[in-house]
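4 protein chains.
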Amino acid sequence: MTVAELEAFLAAEFPQMFNAASGLHVESARFHGARVRQAFRPEFLRPGGTVSGPTMMALADVTMYVAVLASIGPVPLAVTTNFSINFLRRPAQRDLIADASLMKLGKRLAVGEVAIRSEGHDEPVAHVTSTYSIPSGYSR
Amino acid sequence: MTVAELEAFLAAEFPQMFNAASGLHVESARFHGARVRQAFRPEFLRPGGTVSGPTMMALADVTMYVAVLASIGPVPLAVTTNFSINFLRRPAQRDLIADASLMKLGKRLAVGEVAIRSEGHDEPVAHVTSTYSIPSGYSR
Amino acid sequence: MTVAELEAFLAAEFPQMFNAASGLHVESARFHGARVRQAFRPEFLRPGGTVSGPTMMALADVTMYVAVLASIGPVPLAVTTNFSINFLRRPAQRDLIADASLMKLGKRLAVGEVAIRSEGHDEPVAHVTSTYSIPSGYSR
Amino acid sequence: MTVAELEAFLAAEFPQMFNAASGLHVESARFHGARVRQAFRPEFLRPGGTVSGPTMMALADVTMYVAVLASIGPVPLAVTTNFSINFLRRPAQRDLIADASLMKLGKRLAVGEVAIRSEGHDEPVAHVTSTYSIPSGYSR
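Protein sequence lines, in the order shown, are assigned to chains U, H, B and R. Our numbering applies: residue 1141 is where the first sequence begins, and numbers increase by one. Our numbering applies: residue 1141 is where the second sequence begins, and numbers increase by one. Our numbering applies: residue 1141 is where the third sequence begins, and numbers increase by one. Our numbering applies: residue 1141 is where the fourth sequence begins, and numbers increase by one.
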C-alpha cells in the first residue's frame, strides 16, 4: 500500500484516530517498515513538561500497524497481541517521529520494533517491541 | 492517599486526562493496589467492535500510577520505565475495570501487574506488567 | 496429563533438561496450571550469593510448558514466542518453586504468568508473562 | 574494559558460567556494546532440532552484562531487573552470535537490546530488550 492508500484506509477505518485534529501523519511506508509523525499538541503534556506515556504508546501501536498494512495489504482485523515499551528519555515539546521495522513477518505473527524520537533529536525517547496476530488467509 | 485525595490530585496534575469528559474514575485504592474504571465511550471503538488497544494501555498506566500514589503519597514525577501488555480477549462494549497490584515497592522501583476486565465479565481482556521509577527521597 | 505422564514425557523429550541431576520436579499440574520445583544447586549462585537470572528464566519457561502440556496434551513442538521476566527480590539459597497459570488458552496462542518463590517465602522473587504458539490441530 | 579484562573478570566472578567447557566467548566490546559467541553444543538441542529457548536467554543476558561492564567498568552487583525476549526463527545447529547495544546508560538504569543470530545467517533468531539496575556510585 502507498502512503496515500494507507492514509485513506486509516481515515476510513479509524476515523476517531486519523482525522484532521489528531495530528497523525504517515510519513513513509515500505515492505517491512513505516514512519509515522505525531504533531505536538499541548494536551499531551504531563507535569514536568514531558509528553505522556500513553501518547507514545498509541503512536508506536499505530506505526507498527502501518508497517503491517504496508507489508501485507489492508487487514482490518489484525490485532496487537503483545506490546512492550521502554521509556528512555524525556521527550522534547516537539513532534514525535516513530520508525517501525518488522523483524519477522510470518503466517500467523508479525513481530517488530519501533523507535520514537523527538523531531531534531538523534537519541530515542522510547523503544517498543510488538507482536501482531495476522488473520488466516492474509499472510504473504 | 484516599480516593478523594487521589482524584483531587489527579484532576489538578493531569487536567487533560482526569476531567468530567474522560470517564476515568478511581474506584478504590489501598497500600499496594488500586482499581480504576474507564466508562465506555463510542470513540474508543475500532473496526470489529473492539475497544482500541491504546485505550486499555492508557487505563493500565494510570491505574498503576494510582496504586503507586496510594502507597507512597503524591509523587508527581514518578515515571513509567517499562510497560508490557498482553491482549487476551476482545473487550465487550462496556466499561473497563482495571485492578493494579504492586509486586514490589522498593526505594527506586515499583513493579506491578494490572488486570483489565469488561464490566460484568470474569476473564481478563488484557494483562499488564509495569515498572515505575520513584524519585529519590519519596520511597517508603 | 498427570504428573507421572508429564515427567515421563519430559524425560523422554528433554533428556538434557529433565534427568536425575537437573533437580527439576513437576510438583502438580492441572488444566490451566502447573507447579515445578528447582532444587537448589550451588552452581546456580552468582556473586552476592544470589541465584542466577537464567536459572529462574529456564525454570519459568519449563513451568509454562508443563501448564500447556497439562491443558492440551503432549505437544512436542509448541514453542515460546514471547517471554518477559521482572526480577523482584534476591532469592534465598533454597529451592525455587514456580507456579504457572494460563490466562488464555486459544487456538493459536497460550498466554500465562509464572510466579517464582524461594521455598518457605511468601513474596515472589520473579514474575514472568509468556506466550506459547500452539501448532495447528492441537488446541482444545 | 578490554576483551581480555572482561574475560578474566567473568571467569573469576562467574566460574560456573565462563569456563573452558561453557563455550562462551567475548568477541568484542566497546562503550555501549558487546558481541558474545556461544559455541554450539548438542545438549542445547530440543525436539525438532532447535536450540532451546533458555540457551538463548542466558546468552542474551550475559551479552547485555558484558556491554554494561564495557561501558562502566567492573560492577559485580549490577542486576537485571527486566528481560523480554521474542523468538523469531528456528536457530540453525551452529554457534550463536549475540550483539548487544545500550539504548540508555543512566545513573540508575541501563537499557539495551540484543539481537541473536545463527553464525552465517543474517536474520535474527531472537530479539531481547533488557534493563540493568546499576548500584549507586558506579554510573558514569
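The hints are simulated quantities; they were obtained by calculation from the structure and are not laboratory data. There's no promise every hint is true.
[Said to hold, decoys possible] Cβ-Cβ distance ranges computed for the label pairs, FRET-style:
no.	chain 1	residue 1	chain 2	residue 2	range
1	R	Pro1182	B	Thr1142	28 to 38 Å
2	U	His1261	R	Lys1247	19 to 29 Å
3	R	Gly1189	B	Ser1168	51 to 61 Å
4	R	Arg1170	U	Arg1230	20 to 30 Å
[Stated by the list, open to error] Below, a list of computed lysine-lysine pairs in the DSBU-like style, where the Cα atoms sit at most 35 Å apart:
no.	chain 1	residue 1	chain 2	residue 2
5	B	Lys1244	H	Lys1247
6	H	Lys1244	U	Lys1244
7	H	Lys1244	R	Lys1247
8	H	Lys1247	R	Lys1244
9	H	Lys1247	B	Lys1247
10	B	Lys1247	U	Lys1247
11	U	Lys1247	R	Lys1244
12	U	Lys1244	R	Lys1244
13	H	Lys1244	B	Lys1244
14	B	Lys1244	U	Lys1244
15	R	Lys1244	H	Lys1244
16	U	Lys1244	B	Lys1247
17	R	Lys1247	U	Lys1247
18	B	Lys1244	R	Lys1247
The C-beta atom is built at its ideal place from N, Cα and C for all residues, glycine as well.
Status of the hints after comparison with the structure:
Range check, Pro1182/R to Thr1142/B: about 30 Å between beta-carbon atoms, so the 28 to 38 Å window is met. Our hint of 19 to 29 Å for His1261/U and Lys1247/R holds, since their Cβ atoms are close to 20 Å apart. Against the hinted window of 51 to 61 Å, the Cβ-Cβ separation of Gly1189/R and Ser1168/B comes to about 31 Å, which falls outside the hint. For Arg1170/R and Arg1230/U, the Cβ-Cβ distance of about 26 Å falls inside the hinted range of 20 to 30 Å, so the restraint holds.
Taken as a hint, the Lys1244/B and Lys1247/H pair is honoured in the structure, with Cα atoms around 34 Å apart against an allowance of 35 Å. Distance restraint check for Lys1244/H and Lys1244/U: the Cα-Cα separation of roughly 34 Å lies within the 35 Å cut-off, and the hinted pair is therefore satisfied. Of the supplied pair hints, the one linking Lys1244/H and Lys1247/R holds, its CA atoms being roughly 21 Å apart against a limit of 35 Å. For the hint pairing Lys1247/H with Lys1244/R, the CA-to-CA distance comes to about 21 Å; that is within 35 Å, so the pair holds.
Taking the CA atoms of Lys1247/H and Lys1247/B, the gap is about 42 Å. The hint is violated against a cut of 35 Å. Among the hinted pairs, Lys1247/B with Lys1247/U is consistent with the structure: their alpha-carbon atoms are about 15 Å apart, no more than 35 Å. A C-alpha spacing of about 34 Å is found between Lys1247/U and Lys1244/R, which places the hinted pair at or below 35 Å, so the restraint holds. Straight-line distance between C-alpha atoms of Lys1244/U and Lys1244/R comes to about 25 Å, which keeps the hinted pair within the 35 Å bound.
For a cut-off of 35 Å, the pair hint linking Lys1244/H to Lys1244/B stands: about 25 Å separates their Cα positions. Under the criterion of a C-alpha separation no larger than 35 Å, the hint pairing Lys1244/B with Lys1244/U is consistent with the structure, at around 23 Å. For the suggested pair Lys1244/R and Lys1244/H, the alpha carbons sit about 23 Å apart, so the restraint of at most 35 Å is met. Our distance criterion of 35 Å between C-alpha atoms is met by Lys1244/U and Lys1247/B, whose separation comes to about 21 Å.
Taking the CA atoms of Lys1247/R and Lys1247/U, the gap is about 42 Å. The hint is violated against a cut of 35 Å. Pair hint Lys1244/B plus Lys1247/R does not hold up; C-alpha atoms about 38 Å apart against a cutoff of 35 Å.
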